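2 protein chains.
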Amino acid sequence: MALILTFLGKGGVGRTTIAIAAAKRFANQGKRVLLAIQEAGPAPGLMLGMALEPDPKELAPHLQVVQFHGTTLLERSWEELKKLEAQYLRTPFFKEVFGQELGILPGMDSALVLNAVREYDASGNYDVIVLDGAGDQSTLRMLGMPEIAGWYIRRFRQVFADSDLGKTLSPFIQPIASAVLNVSWSDDPFNQPVTRQATDILEQGRQAIADPSRVIAYLVATEEEGAIATAHYLWGAAQQVGLTVGGVIANQTSDTSAFNARFAPLPVSGVANQPANDWQSLIDALPNFDLASQVPPPIAINVAERKVSLFLPGFDKKQVKLTQYGPEITIEAGDQRRNIFLPPELSGKPVAGARFQDSFLIISF
Amino acid sequence: MALILTFLGKGGVGRTTIAIAAAKRFANQGKRVLLAIQEAGPAPGLMLGMALEPDPKELAPHLQVVQFHGTTLLERSWEELKKLEAQYLRTPFFKEVFGQELGILPGMDSALVLNAVREYDASGNYDVIVLDGAGDQSTLRMLGMPEIAGWYIRRFRQVFADSDLGKTLSPFIQPIASAVLNVSWSDDPFNQPVTRQATDILEQGRQAIADPSRVIAYLVATEEEGAIATAHYLWGAAQQVGLTVGGVIANQTSDTSAFNARFAPLPVSGVANQPANDWQSLIDALPNFDLASQVPPPIAINVAERKVSLFLPGFDKKQVKLTQYGPEITIEAGDQRRNIFLPPELSGKPVAGARFQDSFLIISF
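From first to last, the protein sequence lines are chains R and E.
Going by my numbering, the residue at position 129 of the first sequence is 129; the numbering climbs one at a time, nothing skipped.
Going by my numbering, the residue at position 19 of the second sequence is 19; the numbering climbs one at a time, nothing skipped.
Wrong hints could be hidden among the right ones.
Same chains, same label: a pair holds when it works inside one copy or across any pair of copies.
What the hints assert, rightly or not - For lysine-lysine, the following DSSO-like pairs were computed, each having C-alpha atoms within a straight-line distance of at most 30 Å:
1. Lys-307 to Lys-31
2. Lys-83 to Lys-57
3. Lys-83 to Lys-321
4. Lys-83 to Lys-31
5. Lys-95 to Lys-31
6. Lys-321 to Lys-82
7. Lys-57 to Lys-82
8. Lys-31 to Lys-349
9. Lys-307 to Lys-318
10. Lys-31 to Lys-321
11. Lys-83 to Lys-317
12. Lys-318 to Lys-31
Treat the hints as calculated values from the structure; they're not laboratory data.
The structure presented is a predicted model; accordingly, all values stated were derived computationally and were not measured.
Work out the full structure: start from the sequences and follow the hints.
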């Protein structure tokens, strides 16, 4: 298992430069590092002085670099899907369509990149993966996917089971399954080996992203007001996908006074402007990423005190909404919504009270 | 119908500033303008000096501004879906789930924003919509969605009809449709009013995006090499979704020499550094966006000469692949794949030859 480190911030603040420096720093420490670049096009290769490819290649000792390529990843995933259908379907269907024909729809890149990161992580080849993504809300959507997709499955499974539609369709499920599948299939499509495997992968992803010793984000901003405001917003937005933010990098400045109060309790590291290609000074100015897990976690559940505490910095009281339309509690803040899956001791209990104080939303049951 | 104008370029080159200036310029000309901002968070509001909302509000005479909010758009679309199910299903199913519970998965933002732009366009309230999107490949994925989603439907519909799986399932379709639908349903699920309506919307979107008098993109870059290289890459990538690029804006420089040869035949407009809040000089430096349709179209089909010509600037010969795995011709360049749907006269004909010359891929049949 690797430590996965990513950087959030407004476009143009130097996230890719910081990501490269962080990757070099870990490699200098003897760690096996993968620098994984999501941006398409020639700019990252220009910065690194080498042509990048969809498979990892060596940039320096201990340091490999990969530039994700959506169509290549899609072709590979399509081959995996064909293996699955060969295993489960009586007659192949997806086999008739070639991976080389497939165009990319919105969202596919995120799913494919997240899956590729999962595979690099599981390979055991890396101690650290530095993910240079879009660094904005789309990165958070990507990292939020395991939790949110898990919620959709959980919620719709129950609605389907309880619905008249589900009852109307249920007599058809067994005959259809017998006609098309070459494996036995019980009545619940969600409780099959293949669907269990998919939900297990989502749950493992959710747990990894919620664990600051596994996945951690740092904010990057310059002194420009828009850059600071965006970093502040992304700080709160990250908590909403369960991602811990470990600190702030104040780029191109050694004066961190504009940052300290605004981002407390996060540590702020000033990184002064470096001469071009002076990577060593930049590397030396970076914080110690290994200490990142000492900040408040996005969510803490205290069963004994019947309290759930959410750390939601960057939002004021009016921007945070707590609702309970469905069976779970929904927290809305920024442009994100999170459903809190409670442990059995608290699940289904009515909310007794909620208050928002010092960036924490504290819900009592 | 409005003119939809968007800007592509690397993060931090000033796309949002240019988008605001373009919107102001059209409004000064008396056009009814909507400035539609996709970036979440506070930075765009700071630039405009007002709090932005998920519905249009007035920024200046003739000029309205909206900041898209994914969760708000998702709630509204969910209500539309509930109306559809009320019309088609015997017993409601989606009604059991509240729009207020739904989290956002990758790709949803793009689909929701594209649909919102379509609705603002159809409203007749605007002459021009300036779309300030991510400006990178994700914007191209969004604008490519109607064509690519149309392809997936077309391709899988045929594969399903021809497959043993389709034949095995077909006896079940009619009984299931009778059990769950309150409308009559023929054997072909793709040829129903609701599916025809969906494919019509996709086809209208595809045609609008391919029409430079309806949707046009401009590249924005500073003199920095990475910014120029990224703009150059996005130029070619835009053609791959059928989007016409009308010109280049060389931002923060009046010396356009680094741009002219590289972006020929596009017009290049130099926009010198302006003092803060001097919008008028910036507005005056912008090109005349109405002339944008005078550049080569992304695709030209000549039935009489049995030739298809694709304009693919920004790529060299090695980066462009032509394949024909499936029934259509696939063009791969950059990180995009496009399937060319040929007119009946050329469809199914074998490719007689292809050459790549002066940024044009010319395919003969």
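Checklist line | Same-copy or cross-copy closeness of Lys-83 to Lys-57 [CA-CA at most 30 Å] | finding: For Lys-83 and Lys-57, only the intra-copy Cα distance (28 Å) is at most 30 Å; the inter-copy one is 52 Å.
Check: 30 Å Cα cut-off: does Lys-31 pair with Lys-349 within a copy, between copies, both or neither?
Finding: neither (46 Å within a copy, 55 Å between copies)
Next item on the list: Pop the pair Lys-83 and Lys-317 into one bin, within, between, both or neither, using alpha-carbon distances up to 30 Å.
Entry: neither (50 Å within a copy, 34 Å between copies)
Check: Between the shortest in-copy and the shortest cross-copy C-alpha distance, which are at most 30 Å for Lys-318 and Lys-31: within, between, both, or neither?
Finding: neither (44 Å within a copy, 36 Å between copies)
Notebook entry, point to check: Checking Lys-321 and Lys-82: alpha-carbon separation at most 30 Å within a copy, between copies, both or neither?
Noted result: Close across copies (24 Å), not inside one copy (43 Å); limit 30 Å.
Checklist line | Copy assignment of Lys-83 with Lys-31, given that the CA separation must stay at most 30 Å | finding: Neither: 35 Å inside a chain and 56 Å across chains, both beyond 30 Å.
Next item on the list: Classify it for me, Lys-307 with Lys-318: is the Cα-Cα distance of at most 30 Å met within a copy, between copies, both or neither?
Entry: within (21 Å within a copy, 60 Å between copies)
Check: Between copies, within a copy, both or neither: which fits Lys-95 and Lys-31 at Cα up to 30 Å?
Finding: neither (41 Å within a copy, 52 Å between copies)
Check: What label fits Lys-31 with Lys-321 when the C-alpha limit is 30 Å: within, between, both, or neither?
Finding: neither (42 Å within a copy, 38 Å between copies)
Notebook entry, point to check: For Lys-307 vs Lys-31, is the C-alpha pair at or below 30 Å within one copy, between two copies, both, or neither?
Noted result: neither (40 Å within a copy, 55 Å between copies)
Item checked: Status of Lys-321 relative to Lys-83 across identical chains (alpha carbons, at most 30 Å) -> between (44 Å within a copy, 26 Å between copies)
Next item on the list: Give the relationship of Lys-57 and Lys-82 under a CA distance limit of 30 Å: within one copy only, between copies only, both, or neither.
Entry: within (28 Å within a copy, 50 Å between copies)
When each numbered hint is compared with the structure, violations occur for hints 1, 4, 5, 8, 10, 11 and 12.
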